[in-house]
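Peer 1: One-letter residues, chain by chain:
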Amino acid sequence: MGMLKDMGHREKIGLALIAVALMALPFVLASAGTAWVRIMNFAVLFVLLSLGLNIVVGFAGLLDLGYVAFYAVGAYVYALLASPHFGLHLPFWVILPIGAAVACVAGVILGAPTLRLRGDYLAIVTLGFGEIVRIFMNNLSNPINITNGPKGINRIDSFQIGPVNFAGSDTLAGLVFSGPIKYYYFLMLVLLAVIVINRRLQDSRIGRAWVAIREDEVAAKASGINTRNIKLLAFAMGASFGGIAGGMFAAMQTFVSPESFVLNESIMILAMVVLGGMGNIWGVIAGAVLLSFVPELLRYTVEPVQMALFGKMLVDPEVLRMLVFGLALVLTMRFRPAGLWPETRHRRELSENRA
Amino acid sequence: MDILLQQIINGLTTGSVYAVVALGYTMVYGVIQLINFAHGEVVMIGAMVAFSIITSLAGSGMPPLAIVLAGVMAAIPACMAIGYLLERAAYRPLRHAPRLAPLITAIGMSIILQHAALLIWGRNPLAFPQIIENPSFSIGSAAISAVQITIILLSLLMMAGLSWFVYRTRFGIAIRATAENVHVASLMGINANRVIAATFVIGAGLGAVAGVMYGSYYGIAHYTMGFTLGLKAFSAAVLGGIGNIAGAMLGGLLLGLVEALGTGYIGDFSDLCRWPGASEGMGWMGERCADGAHFVVFGSNYQDVFAFLMLILVLVFRPSGLLGERVSERA
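Residue numbers (our numbering), protein chains in the order written: chain C, 36 to 390; chain U, 21 to 351.
Just so you know, these hints were derived from the structure itself, not from any lab. One or more of the hints may lead you astray.
Estimated spans, in silico, between C-beta atoms of each pair [claimed, not checked]:
| id | chain 1 | residue 1 | chain 2 | residue 2 | range |
| --- | --- | --- | --- | --- | --- |
| 1 | C | R334 | U | A166 | 43 to 53 Å |
| 2 | C | I144 | U | I159 | 39 to 49 Å |
| 3 | U | I159 | C | R334 | 52 to 62 Å |
Even glycine gets a Cβ: it sits at the ideal position worked out from N, Cα and C.
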């Protein structure tokens, strides 16, 4: 792999240390409580989602405000194919690709009519699309019960590899691998694959075409790039990553309902991408991890402080969380438009004054 | 036939609200080509402010009309102030930034306003206090209520007023010149910053009234109401041709009608049992439809889908909208 070859000794050692730390992390977290492993897993899930959205927003410069729709599609595909709802119990390695493919098709269906228009139309249409998907999930319980409506689908199968079921604990070499820890390792594998794919994409012909479109669509077109297809590709790829993440979400939660896929989730993922630095994989990862822990941070600070000061909860941490995300978007755009860890090219582009 | 007339009346009512909100989107877009995502939230805040005032005055013994008027009169300056602050603090610093930046800021402001409203007014909807009688008048076999008449007339009045302002006054000329070309307008001695701020303030003021009308029509105001209302009004603006004031009005009314008629008839239309041949034979379909049963694929709970479907159709087949003067395909 080109990435490793280019690195010096010190970088290789650094990478190895990070890898070891990430391998050991779930056991450290588990000693503080399994809940923390779960929180970490959701952070990784959001990293995956942010990396998917980053392809669309960061690489290609297309503002997608309905990204959560693809996440939802992936989750519902998993839920329908691996739960008692239809009595189907396919293995996860069959369903995840199906979910990715269905999400991909959804991405193309949504992208095709809108991609030849200005970017802001795309933003509003994707916003509407996200809502439509949610309305359908809420109402497709009648006349034929497909999604079970607002009640959602429960008792979804966990992952199963051979004899190992991800729902329970296994002991190996004296270490207890609880369900969340197994999911953690699986998520890490997927994350690694997604990072590699992203890096390769970024440096490929397609990646350069995306950047060209982002910077100047007319010039890109004039240079012989089929802008519509390349943009569709960004949309489709971002959507498939969302679909895969959705499938894993369904398995980890063993329950899905339309309530998990509201607009606020899309905004949250967008805030992660924007705060970290659109287009920069490492920035996006950092942004996602940072913002994933905001709810926990608020829970452990705002709640006790309020209880101590007023004896009751005046401000719901949930509300504060959304305020933080909104502020993150506004302040990042105002003061550091290229994000906290900007991509070099993006920084130049976003700090340049275009009249 | 009575259902048709009734749905047309209902559609015109919501449609005129959409039209007034759409004006806010279209004016801002016309001048600085920005979709002000937060506009829907401004409308929501207008409704919330007015409802709070009306509720707190409800027991004061003032005449009901004066109470409602007081609510509206409080909502308008509140919204105008928010509109001004939005432009000043969030959008103006980004005026020369790449397109994505103000768009993302607009999303952020929308989330902030929505959750600030949640902090102030809480999760429960505010109910419109029953202080005003709402008599219904019958037209044929359909009914129109006093509130509906008020909404339609007031909207028409506001649209007429805005048209007069934009097309007949000096400041209106400045707005249109700025919409045409900011730089050239500035060279002609127009204070572009003032014009841009003014479009935000005017749009927000109209939005405040629209919010109160929408809230009193449905009887409640809620911190999430701005989102769907805003999306629909934006769809209306695109339908009419964004940037075009007459287009926003036409688009709003049309969208209201399509939505009302669609919601009224989609249940019957998508009832497979009513389709010829469905109830005879065809295995389980025949069984399901026996004894006049229904098999409704899309019920009226799909109401909110119409606006988006229309938006997508317009973007595919006529991106410049019905009265569009601007080409929307721009780099």
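Peer 1: Compare the structure with each hint and give your call.
Peer 2: Cross-check of the supplied hints:
1. In this structure, C/R334 and U/A166 meet the distance hint of 43 to 53 Å, their C-beta atoms being roughly 49 Å apart.
2. A hinted range of 39 to 49 Å for the beta carbons of C/I144 and U/I159 is consistent with their spacing of about 43 Å.
3. As the Cβ distance of U/I159 to C/R334 is approximately 56 Å, the hint placing it in 52 to 62 Å holds.
Checked against the numbered hints above, the structure violates none of them.
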